[in-house]
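Trainee: One-letter residues, chain by chain:
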Amino acid sequence: MNLSARMIITLTVTALVVGGILTVFYKSVEPRIEHNRLEEEKKAIFAVLDGASAYDTISKDIALASGKKRTVRIFKGKDANGNIVGYAFVANGPGFAGIISMMVGLNVDKESLAGMKVLDQVETPGLGNKIVENKFTDQFKGLKIKPKIGYVKLKKPEQPTDIQAITGATISSVAVINAINNEVNVVLGILAEEGDGAAAVKAPEGK
Amino acid sequence: MSLSKIFKTGLWNNNAVIKLLLGMCPTLAVTNSAINGLAMGLASTFVVLCSSSFVSVIRRIVPGGVRIPTYIVIIAGFVTLADFFLRAFFPAISKALGPYVPLIVVNCMIMGRAEAFASKNPILPSFVDAAGMGIGFTWVLVVLGSVREVLGNGSIFNFVFAPESVYTPWIIMILPAGAFISLGLMIGLINYFSMRKARAAQ
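Taken in sequence, the protein lines are chains Y and P. My numbering puts the first residue of the first sequence at 1, with every later residue one more than the last. My numbering puts the first residue of the second sequence at 1001, with every later residue one more than the last.
Among the clues, some could well be false.
As the list claims (entries may be wrong) - Per the computed footprint, the stretches of chain P lying under chain Y, defined by three or more beta-carbons under 8 Å from a beta-carbon of chain Y, are: (1) 1075-1083; (2) 1162-1174.
Unchecked claim - Which residues of chain P face chain Y? A few of them, derived with a C-beta cut under 8 Å, are: (3) Asn1032; (4) Val1066; (5) Pro1069; (6) Arg1087.
Derived from the structure by calculation, the hints contain no laboratory data. None of these values were measured; they are calculated from a predicted model. Each residue gets a CB set at the ideal place from its N, CA and C atoms; glycine is no exception.
All chains, full assembly: derive it from the sequences and hints.
Mentor: Okay, here's the thing in structure tokens:
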């Protein structure tokens, strides 16, 4: 056998064997990975909607300016008696160092937020990543959303729509606010269109 | 060279980070806390153990011209296994390490052991060499992560012993600059003391 044939065979066989092992292993752990992802989502939904013990998922495709479609998922939180306690949704936006992703809770009156929890962020440690701390996120509890959320620096906010930005991390703070403002508008639009509870898809994981 | 000597080489004399200066990227990037350093060290140790053994087994049948691509495929395979494993069983650690787990593929320490040792030696010495190198890599990452976490966050292994009310953390230590400062000082100190020791021995 000549050398180039040996080289081709060696590489092909190695790639096939490694690929095969990975496929088998991935198939065996995939349910767990998916389970972890859902658990995290569920925990975040219940964290931002006080009193929720179950939720339904509303999925809706919206057209973007670029012509593409985006799927918005709204989680309708319910308490033990089946009453709607609020709506949760994921808001994403560009932060200082990367995308900030948050779970946001909207009160059932659709006038104020029920809570906020950061899911993913890569902001600067010690400065921007303070957006995950309760001191910052608790400000969103009960925050009025109309006409829109704003911020103040270095003092206590006076308007019911304002939060206090983190000192030294204004960009990260503003990124959070912008992402929430944008997504709130989208979600309010969808909720107005759908009416309360119409076309809600029952999510199997919502226990 | 005896097996125990091969093992000890990786721990100190040929330590990947402090002596060979290999694997700098993960060393600098993930050591902002002790637990992240430990997790990265253990994941890398797993990969270097598996890939060195595997490379050693197939060392006679891989043609020289494609040995590097072959090693890379093997290493990438084990890295992906480790990545899946962390995502399935340790999601929090997987999230903290983020993109640095897939990047173990390009850790020169692992490639270096495959090329410099495992491709020329039988499986047992290759395994022992990989174990020494992996543990050597891990302890440096844990020490570096601990120093940075203690100074930069007032905690160690997530245990807060100096809350912010009594100690103002040096935030720079958990930022990228702190990684360069602490690694530079650590290597400098080690070199200083080894030189003094060598001079005293003369």
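Trainee: Please go over all the hints and tell whether each is borne out by the structure.
Mentor: Going through the hints against the structure:
For the region 1075-1083 of chain P, the assignment as covered by chain Y holds, since 4 residues bring a beta-carbon within under 8 Å of that chain's beta-carbons and 3 suffice. With 3 residues having a Cβ less than 8 Å from any Cβ of chain Y, the region 1162-1174 of chain P passes the three-residue criterion, so the hint holds. Interface restraint check: Asn1032 of chain P against chain Y, minimum CB-CB distance 6 Å, threshold 8 Å, status holds. Checking Val1066 of chain P against chain Y by beta carbon gives a least distance of about 4 Å; that is within 8 Å, so the hint holds.
Satisfaction of the interface hint for Pro1069 of chain P is found here, the shortest Cβ-Cβ separation to chain Y being roughly 6 Å, below the 8 Å cut-off. Against a cut-off of 8 Å between C-beta atoms, the interface hint on Arg1087 of chain P holds, since the closest Cβ of chain Y lies about 5 Å away.
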